[in-house]
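In numbering that gives the first Met the number 0, the protein residues as written are 0 to 326.
Hints may be right or wrong, so weigh each one.
Think about it this way: if two alpha-carbon atoms lie no more than 30 Å apart in a straight line, the pair counts; the simulated BS3-like pairs of lysine-lysine are [said to hold, decoys possible]:
(1) Lys301 to Lys278
(2) Lys301 to Lys318
(3) Lys91 to Lys227
It is worth saying that the hints were derived from the structure and are not from the lab.
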Amino acid sequence: MDGENVINTLKKKLRIDFSKNTKLTFYLRGLWLVYAPRVLFYNFEQQYNALSDKKKAYVDDRIGYYNKLDKIFQPPEDAKTISEFKKQQSRKTYFYDLYEYLRHFPSKNKITYLFGDITYVPEAPTIVKSRPIGGDNQNSILLKLNKVRHFIFVNDNVPFKDKKGMLVWRGKVHQSHRKAFFDNFFDHPLCNIGQTNNKANDHFRWQKGKLSLKEMSQYKFILAIEGKDVASNLKWVMSSNSLAMMVKPTYETWFMEGRLVPNHHYVLLKDDYSDLEEKINFYAKHVDEAEAIINNAHAYVKPFKNNHFEGLISYGVLKKYYDFTEE
Numbered sequence: 000m001d002g003e004n005v006i007n008t009l010k011k012k013l014r015i016d017f018s019k020n021t022k023l024t025f026y027l028r029g030l031w032l033v034y035a036p037r038v039l040f041y042n043f044e045q046q047y048n049a050l051s052d053k054k055k056a057y058v059d060d061r062i063g064y065y066n067k068l069d070k071i072f073q074p075p076e077d078a079k080t081i082s083e084f085k086k087q088q089s090r091k092t093y094f095y096d097l098y099e100y101l102r103h104f105p106s107k108n109k110i111t112y113l114f115g116d117i118t119y120v121p122e123a124p125t126i127v128k129s130r131p132i133g134g135d136n137q138n139s140i141l142l143k144l145n146k147v148r149h150f151i152f153v154n155d156n157v158p159f160k161d162k163k164g165m166l167v168w169r170g171k172v173h174q175s176h177r178k179a180f181f182d183n184f185f186d187h188p189l190c191n192i193g194q195t196n197n198k199a200n201d202h203f204r205w206q207k208g209k210l211s212l213k214e215m216s217q218y219k220f221i222l223a224i225e226g227k228d229v230a231s232n233l234k235w236v237m238s239s240n241s242l243a244m245m246v247k248p249t250y251e252t253w254f255m256e257g258r259l260v261p262n263h264h265y266v267l268l269k270d271d272y273s274d275l276e277e278k279i280n281f282y283a284k285h286v287d288e289a290e291a292i293i294n295n296a297h298a299y300v301k302p303f304k305n306n307h308f309e310g311l312i313s314y315g316v317l318k319k320y321y322d323f324t325e326e
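Throw the hints in and build the complete structure from the sequences for me.
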């Protein structure tokens, strides 16, 4: 029995209705992954070898995107063995997401990682959640980290044409580019935007109550704006029947934001948002064009919901990391 089945059994026995990404579910599963014997888990090598050539090509392509290593490297002095990593006291979401796949490799293997919002390229090959798009970023090896927060999808049954013809957004407003957007559009009649930070700040007038994903999904247009790194709402927005609107992204995660095509997967906005009103009015009137982008977004999101392939790819990223690690 794997971790997912254990959690499902607990849900039924305890009669608890956990939503898909509740922290309690996540940590129960994480503890199971740490302490359960390895023999109870998938053999990823066998799973990969059983794939058709077409599916292998898909898996290999994504592994190559996340892990661009092409030469042998020596782990830095501060690299930890997997055994040392397992013993650390601070076990939060990043720990469990990484250990889920580390546990399939020899405990003496070394690993270098950085947790959190990483916006630079490390000097040595390092497992990260996020990295800059483009350039020489091969030392930033992407893994699906903090997925309980970032990989949320919605089931949206409201057609685009039946939604409110406005742009919506809620979130924290700390970074200068978010403040600039609020300076220009907080009072705009086509925008329902609000900050949800602590009220004790210099921009109290921007404060608004939080909205649920369902409530935000009632709007035709949802802003995706980068924070410290990526726009964390982009995944669920692209799974909805609303249009994601954003400037060209500068950072990427496991979601491969660098592969998103402007005006195909999302509505591209100018860096200064000067065309926001024009784009809202255009797609409000041209429903067919809007729905075409939404359908493309749904197609892009779909593979990320396939836990079997997500697991194979995650394992493959680490396997390639160790294939290029000097022993």
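Do the hints match the structure? See the list:
no. : hint             : in the structure
1   : Lys301 to Lys278 : holds (26 Å)
2   : Lys301 to Lys318 : holds (25 Å)
3   : Lys91 to Lys227  : holds (19 Å)
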